[in-house]
Structures are given as C-alpha cells and as structure tokens.
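Undergrad: I would like the entire structure built from these sequences, with the hints used as guidance.
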Amino acid sequence: MTALDGLTVDVPRGLVGLVGANGAGKTTLFRLLLGLARPTEGSVDVCGRSVAADPVGSRARLGYMPEHDCLPLDQSAADVVATLGELSGLPARAARQRASEVLDLVGLDEARFRPVGGFSTGMRQRVKLAQSLVADPELALLDEPTAGLDPTGREEMLVLVGRLASFGISVLLATHLLDDVARVCDHVVMLDAGRLVVAGPTETLLHQTGKLTVEVNAGVGRLARVLAERGLTVVNDEDLDADGEGGSVDVVVGPDPGPVLDTIRDVLADLGLPLHRLSSRAASLDEAFVADRGAAGTGWR
Amino acid sequence: MSGRGAVYDRGYRPYDGPRGGRVAAVLALYKASVRRAIGLRRSWRQKFLPLGLLAVVSIPAAVNVGIGYATRNSPLEGFSFFTYREYVGVSSALLLFVAVCAPDVVCPDRRQRVLPVIFARPLTGTDYVLAKLAAIATLVFAFSILPQVLLFVGQTLVSKDGSLHYISDHADIIWKVPVAVAALAAYYAALSLAVSSLTARRVVAGASVFGLMIVSSVVAHILRESGSLAGRGQLFNILALPLLVRDLVFDGHIHESSPMSGVAGAGAMALAAYAAVLATSVAVLLWRYRWAER
Numbered sequence: 000m001t002a003l004d005g006l007t008v009d010v011p012r013g014l015v016g017l018v019g020a021n022g023a024g025k026t027t028l029f030r031l032l033l034g035l036a037r038p039t040e041g042s043v044d045v046c047g048r049s050v051a052a053d054p055v056g057s058r059a060r061l062g063y064m065p066e067h068d069c070l071p072l073d074q075s076a077a078d079v080v081a082t083l084g085e086l087s088g089l090p091a092r093a094a095r096q097r098a099s100e101v102l103d104l105v106g107l108d109e110a111r112f113r114p115v116g117g118f119s120t121g122m123r124q125r126v127k128l129a130q131s132l133v134a135d136p137e138l139a140l141l142d143e144p145t146a147g148l149d150p151t152g153r154e155e156m157l158v159l160v161g162r163l164a165s166f167g168i169s170v171l172l173a174t175h176l177l178d179d180v181a182r183v184c185d186h187v188v189m190l191d192a193g194r195l196v197v198a199g200p201t202e203t204l205l206h207q208t209g210k211l212t213v214e215v216n217a218g219v220g221r222l223a224r225v226l227a228e229r230g231l232t233v234v235n236d237e238d239l240d241a242d243g244e245g246g247s248v249d250v251v252v253g254p255d256p257g258p259v260l261d262t263i264r265d266v267l268a269d270l271g272l273p274l275h276r277l278s279s280r281a282a283s284l285d286e287a288f289v290a291d292r293g294a295a296g297t298g299w300r
Numbered sequence: 000m001s002g003r004g005a006v007y008d009r010g011y012r013p014y015d016g017p018r019g020g021r022v023a024a025v026l027a028l029y030k031a032s033v034r035r036a037i038g039l040r041r042s043w044r045q046k047f048l049p050l051g052l053l054a055v056v057s058i059p060a061a062v063n064v065g066i067g068y069a070t071r072n073s074p075l076e077g078f079s080f081f082t083y084r085e086y087v088g089v090s091s092a093l094l095l096f097v098a099v100c101a102p103d104v105v106c107p108d109r110r111q112r113v114l115p116v117i118f119a120r121p122l123t124g125t126d127y128v129l130a131k132l133a134a135i136a137t138l139v140f141a142f143s144i145l146p147q148v149l150l151f152v153g154q155t156l157v158s159k160d161g162s163l164h165y166i167s168d169h170a171d172i173i174w175k176v177p178v179a180v181a182a183l184a185a186y187y188a189a190l191s192l193a194v195s196s197l198t199a200r201r202v203v204a205g206a207s208v209f210g211l212m213i214v215s216s217v218v219a220h221i222l223r224e225s226g227s228l229a230g231r232g233q234l235f236n237i238l239a240l241p242l243l244v245r246d247l248v249f250d251g252h253i254h255e256s257s258p259m260s261g262v263a264g265a266g267a268m269a270l271a272a273y274a275a276v277l278a279t280s281v282a283v284l285l286w287r288y289r290w291a292e293r
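Chains as they are written, first to last, in numbering that gives the first Met the number 0: chain A, 0 to 300; chain B, 0 to 293.
Take the hints with a grain of salt, since some may be wrong.
Quick look at which bits of chain B chain A covers, simulated, 3 or more residues with Cβ under 8 Å [what the hints assert, rightly or not]: (1) 22-29; (2) 111-117; (3) 120-130.
If you are wondering where the hints come from, they were derived from the structure by calculation, not from laboratory data.
Just so we're clear, the structure is a prediction, and the values are computed from it rather than from any experiment.
Glycine included, every Cβ here is placed at the ideal spot set by N, Cα and C.
TA: Below, the structure is given as structure tokens:
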C-alpha cells in the first residue's frame, strides 16, 4: 500500500496545519518525520537535519503527541511527563522541573500527582500535550489534539496550541477539522489519499477561493454569460438561462479582487443591468479543500 | 474540558540546560523500569509481591544462620541446610518474581500504546530492549544475591573459628556466587522478557513464563525417563539450564546430583544450550521491537 505518493512540500516555521481525511497519510508523514518509517524514494529533512542520516538525533528536538491513548494509566501525570522528559535526554532533576512547568502550562497543576487512569479525556489530552513539550522541542507534531474534546475543551486546547509559536515551538497540527486549522494555523498543507492537494499560507488559500456575489433585479442569465465570456469564473448551481429574471451570480476572486471588480462594473454598465447587491465572502477552508480536491481530479469519495 | 482546571498564563521558560543522547535515554528507561517492577512510586499493592517474595527467599538464609548461631557450641557446629551452590538456584519464589516483574515492564507499554511516545524519543528498539533486559537482570541478580549476602555475612559472624577464618575458608564463594547469579539473572531476564514481549496482557505473559518453565521441565523428565536421550534430556529443561552453568562455575563440571552427570561432553552441551536459549530470547526481543529500529 502506498500511504504517501510523490509528496514534495516545504513547511515553514510557525503553526502549520496538516489537513486530510482519515487515511490521507497524516500519521505516515509524522512517522517519516520521526524517522520511524523510511520513504521508498526521496528524502525528509526536519529542522535542517536529514532524518535518514541521523534519525535518532533528529528525534531529539521533536515532540510528538499521538492521536490515540498513549499514557501509562497507573502512574501520576507528573511521573509520566518527567520520565518521558528523561527519555528525551533531560537530566532527572531538570525533567521533573520541566514536567511541573509544562503541566502548569496545560492547566494540570493540582491534578498532576493523581494517576492518569482517573483523568477525563480532556485531562489526558492535556497530559499528552505536556509530554510532547517537556523537552522544549523545536517542532511539536500534534496528531488530532482536539479529538474527543467537548466544545470548551476544544477551544482551550486550540488556544494552547495557538500560543506555542510564541514560545519558539513550531507546530505541525494534523487534523481533519479544517476549522481548527483556520483558527490557529498560519500555513496549511492539505493531503488527500497520500497526495498533496495544496499547500500555502492560510490567508492566501482563503482568498484564492473567496467569492463575490453579484445580485441583479433582471437579466441574471445574460450577466452570467457575459462575465464568463470576459474570463471570470462563475460558480452557480442553479440554471441561469432564464434571461429576464433577477437573481445572483457568484464569481470566484483571487488574492487581489480589483480586476474582477472592474470587470463586473464594466459588464453591468455595458448590459445596463440594475445592480441590487454586491457582496464578498471569504471561503472556509472546507470550500478550499473541496475546490482543490476537485481541481486535483480526486473528487469526493 | 471536563475535570477541568483553568489554563493559567504563567509564561513559558525555554530549556537551555544539558541534553543527553541515547545513553541518557537508555539509562532513564532502565531506571524507570526498575522502579516500575518493584512498585516504587506506585501503590503499596504493586510493592507487596516483589518485596514479599524477596523476604520469602531470604528466610532459608536467616534460618540457616539462626541454626548456626544456636548450635555454635554444640556437636552440630557447622551444620547447614544447604550449600552456597544449592542456594544459587531456582525456587518457586524466583520463578514467581520473574513471572510478575518481566511482564510488568513490557506488557503495559504495548497494551497502553506507550511505545509510540517512547520511540518518538532519541532511542531505538535495540536501546529499549537493552534497558528492559538490564532492568530485569539487575532485579533477578539482586533478588538472588541478597539472600546469599545475608547467608555469607551471617555465617561469617556466627562462625566458631572466627570471621577471618570463615572468609579465608570460603574465599572462592566471593566470586563464584556473583558469577553464577549473573548467569542466572541474564538467562531468566532474557527468557521472561522474550515471552512477555509476545503479548500485551500481563496475566497471559506471566502464565506463559511460568508455564513454559514447568512444561519444559516435565518434557525433559519424560525424555529422560523414556530412556531415548538419557541424561541429555536435561538439555530440554529450560528451567534448569542455568543450574548446569552454575555447576560449571562452582565445580568445573556438572554436579553428581544432576541427571546429566557422567554424560560425555555434558559441560559443553549445557553451555551451548544455555547460550542458544539466551540468544534466541534476545533475537525474539529485537524482532518484537524492530519497528522502531533504524
């Protein structure tokens, strides 16, 4: 089975979202970054180091929070995080100190001496995040950190993840929840069935698929036709052939909407149509994902 | 988040202190495994069995020393229940100790899926195996040597001829016991961990370790009694192989009480069988944790 295919992507520092449905290849990409799997072709560099040349050394400055449960249930949170800190190479005393600090940071200061087995899902997610941060990594790989959390817990987790960049910790946030990425990430990498769909700054992706809605009182069919003839991308589900009727036309705009607005103004003037409403709407990342999957010819399954 | 606590803004302090590499990671995993096996930083229930068993195996030494003290001025002076060689041996308590501790240090890592976060650290599958082996071998060594130390020190103190005389008479014990116990510890650690690594359930692993030992000794007995292999049938007794090595350490040959005594090349065969079981166990362990190997 090919989990990732022909993936070439440059991920910048900061908060980066890795988006894809289940089975898209997110966890496999994490395993490649951690040096726990080898690519059949190509190479992986993390934080300027070749993973193939020194997989163990490159792991030393990474933090990893798996999606699934990964905590010894009969030990206290403080012991779990301190032990994993020592495994990352911290001296014993420093590991206990750091465990204390990161558990404070994730809001588990009072509960940290209790066994993890008695923790709620939200508290366990916090311990999982804390263990990934205990050795002060350059890059934290967080796999679905909001999985299983209630709305408040999800919000708190996203706030926490959003703050990591200000601590000097870059984050690769794997999720299938595009809203999470839109909330906290500066950059997005979208995968589908092991292939790269699109990668770029979150803002740009949102703009690229933004829309302008042009609503007229009559002649909507004619308007749509002429806008398309002038090179604009018109996206409307309903049939716009009814020439005499009023209605609205959606036009796709890129990062710079100026030329599109000029064209719309000219077409309306040329056709003498009464403009009823002109509004812009930034697309959600879901729409961007759907659009780019469509463009990549993968379509919805 | 339920069971909540507020996220306090206490800032974040980057860590700029020293960082160890693989050696530090292996040492940390070793320490954590030893702590776990004897129940340190865990509830008293987890401490009870290993420490209780240690007390049980120390009883014969204490009794022996007690009798030595009580009879130091009587015609029974010098009486002993057992020799140092016999005390380096397999007891039910040792078997139980191994069957409890070995599964406890590897099975939960697999069952609770801790392995991915361990191997996301700067260590490899081989390092993991090394740390776990060293931890269990250390515990079995300590478990077996502490009663011996108690016996030796006790006998030294109650000796009628004086401590120095006793020590000079038993000077060989000072190296023979640790060597034999080390051979025993490495063997049982590797074998019990290899069996435990094949399952994620502690109970199944413990029962398998115990069962393998008992079944192999029964098989060896049947082979011996059937006459087809005669004394060589003892080589199939996985439980008793380290005792043949112990005999070699103490006497230079297989002891007369062993069914293998008198068999030509018995010592070499015993050593080969011991090494084969040890190597197979280590190979199984490396294979089970190969997925994190590079």
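Undergrad: Kindly indicate which numbered hints from before are broken by the structure, ordering the numbers from low to high.
TA: The structure breaks none of the hints.
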